[in-house]
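K.L.:
The primary structure of each chain is shown beneath.
Protein chains: 6
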Amino acid sequence: MTALSTLTTVEAASALARASVAIIPIGATEQHGPHLDLRTDIAIATELARRLDQSLGERSILCPPLAYGLSEHHLGFAGTLTLRPATLLAFLRDVCESLVANGITKVVVVNGHGGNTDATRLAAREIGRDLGCSVAHLMWGQLIGDLTPAYFEPGHRYHHACEIETSLALECDPSLVHTDALTGPAEIAPLDGFTDSPGGRVDLPQPFSRWSANGALGDPRRASPEIGKTLVDAFLDRAVAFTEQFIDDPAKEPAP
Amino acid sequence: MTALSTLTTVEAASALARASVAIIPIGATEQHGPHLDLRTDIAIATELARRLDQSLGERSILCPPLAYGLSEHHLGFAGTLTLRPATLLAFLRDVCESLVANGITKVVVVNGHGGNTDATRLAAREIGRDLGCSVAHLMWGQLIGDLTPAYFEPGHRYHHACEIETSLALECDPSLVHTDALTGPAEIAPLDGFTDSPGGRVDLPQPFSRWSANGALGDPRRASPEIGKTLVDAFLDRAVAFTEQFIDDPAKEPAP
Amino acid sequence: MTALSTLTTVEAASALARASVAIIPIGATEQHGPHLDLRTDIAIATELARRLDQSLGERSILCPPLAYGLSEHHLGFAGTLTLRPATLLAFLRDVCESLVANGITKVVVVNGHGGNTDATRLAAREIGRDLGCSVAHLMWGQLIGDLTPAYFEPGHRYHHACEIETSLALECDPSLVHTDALTGPAEIAPLDGFTDSPGGRVDLPQPFSRWSANGALGDPRRASPEIGKTLVDAFLDRAVAFTEQFIDDPAKEPAP
Amino acid sequence: MTALSTLTTVEAASALARASVAIIPIGATEQHGPHLDLRTDIAIATELARRLDQSLGERSILCPPLAYGLSEHHLGFAGTLTLRPATLLAFLRDVCESLVANGITKVVVVNGHGGNTDATRLAAREIGRDLGCSVAHLMWGQLIGDLTPAYFEPGHRYHHACEIETSLALECDPSLVHTDALTGPAEIAPLDGFTDSPGGRVDLPQPFSRWSANGALGDPRRASPEIGKTLVDAFLDRAVAFTEQFIDDPAKEPAP
Amino acid sequence: MTALSTLTTVEAASALARASVAIIPIGATEQHGPHLDLRTDIAIATELARRLDQSLGERSILCPPLAYGLSEHHLGFAGTLTLRPATLLAFLRDVCESLVANGITKVVVVNGHGGNTDATRLAAREIGRDLGCSVAHLMWGQLIGDLTPAYFEPGHRYHHACEIETSLALECDPSLVHTDALTGPAEIAPLDGFTDSPGGRVDLPQPFSRWSANGALGDPRRASPEIGKTLVDAFLDRAVAFTEQFIDDPAKEPAP
Amino acid sequence: MTALSTLTTVEAASALARASVAIIPIGATEQHGPHLDLRTDIAIATELARRLDQSLGERSILCPPLAYGLSEHHLGFAGTLTLRPATLLAFLRDVCESLVANGITKVVVVNGHGGNTDATRLAAREIGRDLGCSVAHLMWGQLIGDLTPAYFEPGHRYHHACEIETSLALECDPSLVHTDALTGPAEIAPLDGFTDSPGGRVDLPQPFSRWSANGALGDPRRASPEIGKTLVDAFLDRAVAFTEQFIDDPAKEPAP
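Residue numbers (our numbering), protein chains in the order written: chain A, 31 to 286; chain B, 31 to 286; chain C, 31 to 286; chain D, 31 to 286; chain E, 31 to 286; chain F, 31 to 286.
There's no promise every hint is true.
Identical copies go unnamed one by one, so any copy, or any two together, can satisfy a pair.
Unchecked claim - Derived lysine to aspartate or glutamate pairs resembling DMTMM-like cross-links, with alpha carbons at most 20 Å apart: (1) K282 <-> D226; (2) K259 <-> D249; (3) K282 <-> D222; (4) K259 <-> E88; (5) K259 <-> D279; (6) K282 <-> E127; (7) K282 <-> E156; (8) K259 <-> D226; (9) K282 <-> E183; (10) K282 <-> D160.
In short, the hints are calculated from the structure, not lab data. Given the structure is predicted, the values throughout are model-derived calculations rather than measurements.
Work out the full structure: start from the sequences and follow the hints.
P.N.:
Structural data, given as structure tokens:
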């Protein structure tokens with residue numbers, strides 16, 4: 031229920047003894063169009079993780095956020111900083127190794143950046159195999175991926191600096207949104223039935239500038255605090271429910 | 031149109047000069063329940079890749095398959111062999127580096143094993159950044175992921191040794207299927223709204239034995255050559271269409 | 031002058047064009063005795079970096095902090111999380127590689143944790159050799175290492191959770207200090223002329239519990255906001271003066 | 031006696047319980063002059079491994095082949111694909127780690143490509159030290175290296191796309207040989223008493239184009255199915271005898 | 031008391047059974063101005079290590095020296111050879127792993143090159159964590175760093191090819207010093223209060239040519255055998271005293 | 031003609047400008063039976079390299095030796111120290127990278143330890159591909175491998191601590207040989223037609239204790255200075271001839 035960071039080691043000893051799960055927020059420092067802070071992904075992840083931790087009471091501890099992620103596809107836009115995949119894999123492994131040394135063998139990564147998904151999933155698998163630690167990955171675009179299409183307009187891409195992410199930002203930390211810089215849809219390349227969802231899906235990494243001229247998707251002007259609250263609440267309901275099950279369900283114990 | 035393997039270097043020089051894209055089949059050697067060969071994933075990938083290559087004529091070359099993938103979650107079942115993630119990342123990088131040396135800068139990975147998806151996506155991103163080579167990832171479970179639910183029954187998991195994969199096997203190589211060993215649904219853990227699709231989605235790696243007692247999903251007895259043909263044809267239609275676009279679309283050139 | 035995190039990419043483009051140096055705060059999540067937060071090192075580094083960035087106006091940008099460092103010697107105390115050396119080396123390299131892509135080739139690492147010094151120095155050397163980027167390392171215990179002995183009492187170790195670091199904490203962020211938990215000197219192993227300074231110096235890594243029974247050094251009760259302000263001001267005066275020289279002195283350009 | 035690939039996991043469980051040794055064929059995808067397929071090395075290795083496995087009955091299992099090897103010296107000829115050494119080392123280690131998990135601690139690598147020898151030997155040593163698994167390396171050029179000189183003509187190099195390897199190809203898979211493209215000896219650099227055998231031996235890696243203008247050695251026209259059969263039979267006799275001894279001899283158990 | 035190198039394995043078995051600590055000399059092959067051999071650092075380290083080993087009698091064994099270190103900042107001067115940091119880290123780890131296999135769990139690295147300090151300290155920490163082996167680092171510039179300033183003249187840098195190191199060379203091995211090439215102070219960049227000691231200290235790696243035009247510091251003409259003897263004796267007194275304490279003090283046992 | 035180590039940087043600049051090739055001696059610290067020093071391999075390599083360098087006059091420079099090699103198979107005998115393969119690969123790469131920075135692109139590794147052969151060959155290949163540096167590997171057991179069988183007795187293994195290596199030691203440095211400890215043939219496992227030469231050859235790494243109870247092969251009592259001189263002279267004649275050709279032959283230039 032409390033961020034590990036704000037505890038002394040004496041307090042941490044108690045908190046860790048009571049806790050069953052650790053939460054690690056990860057995100058990115060990357061361009062989010064003309065109207066959102068570079069910190070948007072990590073700010074949203076940090077706030078979602080904080081609320082999740084709060085909801086779980088003594089059953090969880092909250093680890094410090096990692097503000098850097100895998101954003102090589104955004105390097106064409108100023109201000110983007112990226113790790114290499116092996117670095118993020120090692121970071122997650124090292125932190126889980128430390129958590130195991132602290133008696134915690136269940137970890138929830140709350141991820142604010144879709145670009146971290148591949149590496150987090152991969153890290154989780156190897157951590158499970160090698161360290162006896164079970165790592166779950168929660169990304170809002172995925173956990174509430176059935177709810178966001180209600181806000182889609184045809185012909186647009188979503189889930190990066192669009193009205194949906196901007197709404198989440200308004201709910202999580204309104205200072206993320208530069209409302210005076212909100213603009214309508216950027217010039218975007220036409221949707222592609224293969225590399226854009228929905229429809230058939232092909233993975234093809236591309237520089238983000240090929241998807242949007244200004245780095246934003248959708249129509250960010252359509253963002254609202256109400257949408258943000260709706261989606262964040264839905265994320266949290268599910269995240270809490272999942273984590274409670276993760277804690278309690280014998281079938282979700284780390285592999286022997 | 032021809033497997034690189036069956037060419038001499040003299041023939042390869044011509045084929046490479048004409049080709050715009052290389053196709054690499056990857057899969058796994060892993061348990062597929064009591065009725066499918068351990069080679070099922072790589073056999074399906076190899077056949078899908080062969081047909082794709084054939085459809086593309088001189089525009090493509092076909093590389094040899096990699097029969098080993100990331101299958102650590104199946105190690106509890108006999109016969110499973112797995113690579114570590116870093117090995118698969120390195121393999122894909124090395125082959126792409128070689129292809130670039132041969133003048134090919136567009137690659138399609140035809141992947142028969144969902145467990146390879148994370149690493150292939152990650153490899154593609156770093157290969158794009160470092161080697162000036164653009165790598166697309168095609169996995170049947172994803173490219174025709176909108177078509178397979180038509181065959182789902184409630185309460186089951188799918189896409190591994192189920193009627194769908196078994197049908198694909200019947201179409202791609204009937205010898206993969208031990209029809210005398212076809213059994214009804216295995217004892218499976220109940221579906222979980224979080225870690226099973228559809229619905230909210232959480233990534234949580236688990237030993238496959240927690241999902242199915244015999245290593246198979248669904249009800250493999252419901253497989254048929256007809257379903258296999260329908261799905262394989264759909265996969266190929268899309269794979270060909272995507273690859274043609276990949277070859278021709280200036281917006282899909284490797285990043286500078 | 032502004033944290034990169036709180037800029038949009040459009041603003042970042044301007045800020046990066048004007049800036050000559052990037053500042054990266056690094057620290058640790060590690061035990062700091064019974065009276066200081068686990069976040070003490072990164073909190074101090076973040077605040078020192080913020081003030082340094084502010085003093086430099088448009089000449090600098092401030093990168094997000096890294097809250098994890100090399101703290102394996104503190105793993106015996108609850109709440110400590112540690113990276114492995116190769117991970118921190120990779121992190122610094124990746125961020126500098128990104129900064130170079132953003133046009134920045136001079137970096138100041140403001141480090142709040144002495145345990146990160148080895149790796150940061152080593153990273154700086156290889157980054158200089160390979161990436162054409164010059165990395166300076168500022169650690170308060172070192173930059174004002176001539177001023178802190180004025181507060182030493184004989185027979186004690188210093189610079190971790192002692193009155194000096196506690197004073198810095200009071201100046202940087204008073205909420206770091208749990209004043210009700212302030213206690214007198216812990217039971218400590220006697221000073222050793224070889225592995226403790228001053229005097230001859232041998233490097234011998236040891237579990238921190240061998241140096242202090244409760245994880246703190248010195249007599250934290252002697253900490254005061256005044257000492258904190260004196261030391262922080264001295265650090266900043268020097269850090270600003272150094273960084274201005276780093277920016278302007280042709281002899282400090284990155285090696286060709 | 032059966033390829034692991036063609037078993038179900040249920041069958042594999044039985045086969046593994048009975049088997050004492052696993053066989054892994056490795057080779058390359060590399061130029062073999064104007065008359066042999068790029069797959070020649072892996073095709074020969076796969077066939078030799080298949081026959082070896084068959085001869086051993088229930089005492090062995092056969093793993094899938096790896097069609098990629100270390101062929102950087104052939105990159106000057108079209109169609110060559112190469113791994114980097116660390117990748118092949120990791121591949122062998124991962125597969126052996128998996129085999130150990132399946133209860134197999136003796137492995138025979140049947141290698142069709144001399145260029146893989148260094149790495150396979152090195153991998154075998156570290157696998158022995160770290161994993162409790164004993165790895166033997168069989169390469170035809172070495173195992174029957176006393177028999178092939180009977181077919182040598184003075185002034186030629188051998189063992190790559192020459193009459194000897196071409197004869198092996200005719201025996202193992204005649205479709206490897208493009209008989210219409212068989213030509214006499216290529217222009218080759220004069221033999222060198224130091225870097226060519228027999229005689230004193232110096233290791234000096236060189237692009238293969240320095241040894242042969244067309245990528246082939248010897249005089250491939252002199253190849254015959256009879257020579258192929260003689261040599262393959264000799265290889266198999268010895269390979270079977272060795273492997274039986276490897277299985278039975280207590281002195282060849284994996285190191286403790 | 032005897033170099034391991036000059037023992038047979040039979041003798042080594044006895045020596046190792048009696049010894050409590052191993053000594054490893056490390057140094058560099060790097061420029062030392064116009065008057066000192068490139069081997070100066072490793073030659074001094076080897077001689078200091080030899081004397082230390084001799085003083086310890088049967089309590090120590092002496093390992094072979096490593097003549098290569100981290101000298102990338104000297105690459106601008108001819109004859110410098112450098113390792114990369116990861117290589118030195120791996121070297122130290124491998125040797126300690128071997129020593130542990132020989133029953134030795136305490137190691138003293140006698141280092142003649144300041145540029146190796148970062149990596150040796152870092153290696154020592156990870157070796158302690160992972161291998162149950164305790165590694166101490168002795169560098170003369172540090173162990174007798176309180177004695178050398180007595181020989182400093184204002185306005186000069188010291189500790190590389192200066193009168194101090196030249197004096198050590200005269201004591202350790204006079205053939206290191208090309209007395210006919212001894213020259214007065216080189217043209218040096220002015221001392222910098224930040225990156226030169228004493229005073230505030232910032233770490234900023236720079237090509238050595240920025241510090242001295244001829245690669246030497248101080249005024250090597252002021253070197254003398256007497257200074258060398260004084261300093262070497264002081265180093266040895268402390269090194270012996272430390273190592274005896276290292277051997278005997280239960281508080282310096284390797285971490286469990 | 032002179033060891034780089036004994037030059038100043040000024041002298042090294044001249045020597046490097048005149049030289050065409052660098053020589054690096056590598057060996058091992060490993061058991062050599064009851065009568066030879068642990069340093070035997072590196073001592074022989076160093077002396078052979080010294081003589082080769084001397085014969086080449088100004089055309090060569092001599093680098094410092096590496097006394098550690100790959101000796102994991104000897105770890106069962108006291109005093110053996112071993113590197114891991116990746117460490118030796120990295121060492122050779124780093125030194126060659128440094129030599130290229132010094133203008134040298136041809137390197138001769140004089141190797142005194144057969145166990146280093148795999149890794150040195152592999153390193154040479156990747157260094158050639160990546161660094162534009164051509165690396166030749168000379169090992170006495172190989173370069174004069176046609177001459178040593180004249181001294182073989184049936185039923186024995188050779189080339190490690192046998193009469194041949196002991197003879198080389200007597201010629202290179204008689205202090206290597208503990209003549210009072212010379213004994214007759216150790217109890218050895220019977221020769222094996224597969225894993226012992228001559229005859230068919232299989233690579234099977236085994237603990238050396240399986241080959242010889244006391245760590246020595248052959249009958250070391252039969253060693254003589256005369257045999258040593260004969261073999262060393264032969265080695266040198268060939269090594270000089272090869273290196274001259276390596277220097278002069280355009281066909282042996284580093285690959286472009």
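K.L.:
None of the hints should be skipped; say for each whether it holds.
P.N.:
Consistency of the hints with the structure:
no. : hint          : result
1   : K282 <-> D226 : between (33 Å within a copy, 13 Å between copies)
2   : K259 <-> D249 : within (18 Å within a copy, 41 Å between copies)
3   : K282 <-> D222 : between (38 Å within a copy, 11 Å between copies)
4   : K259 <-> E88  : neither (25 Å within a copy, 37 Å between copies)
5   : K259 <-> D279 : neither (29 Å within a copy, 40 Å between copies)
6   : K282 <-> E127 : within (19 Å within a copy, 25 Å between copies)
7   : K282 <-> E156 : within (16 Å within a copy, 32 Å between copies)
8   : K259 <-> D226 : neither (27 Å within a copy, 26 Å between copies)
9   : K282 <-> E183 : neither (38 Å within a copy, 24 Å between copies)
10  : K282 <-> D160 : within (16 Å within a copy, 29 Å between copies)
Violation of the numbered hints given earlier is confined to hints 4, 5, 8 and 9; the remaining hints are satisfied by the structure.
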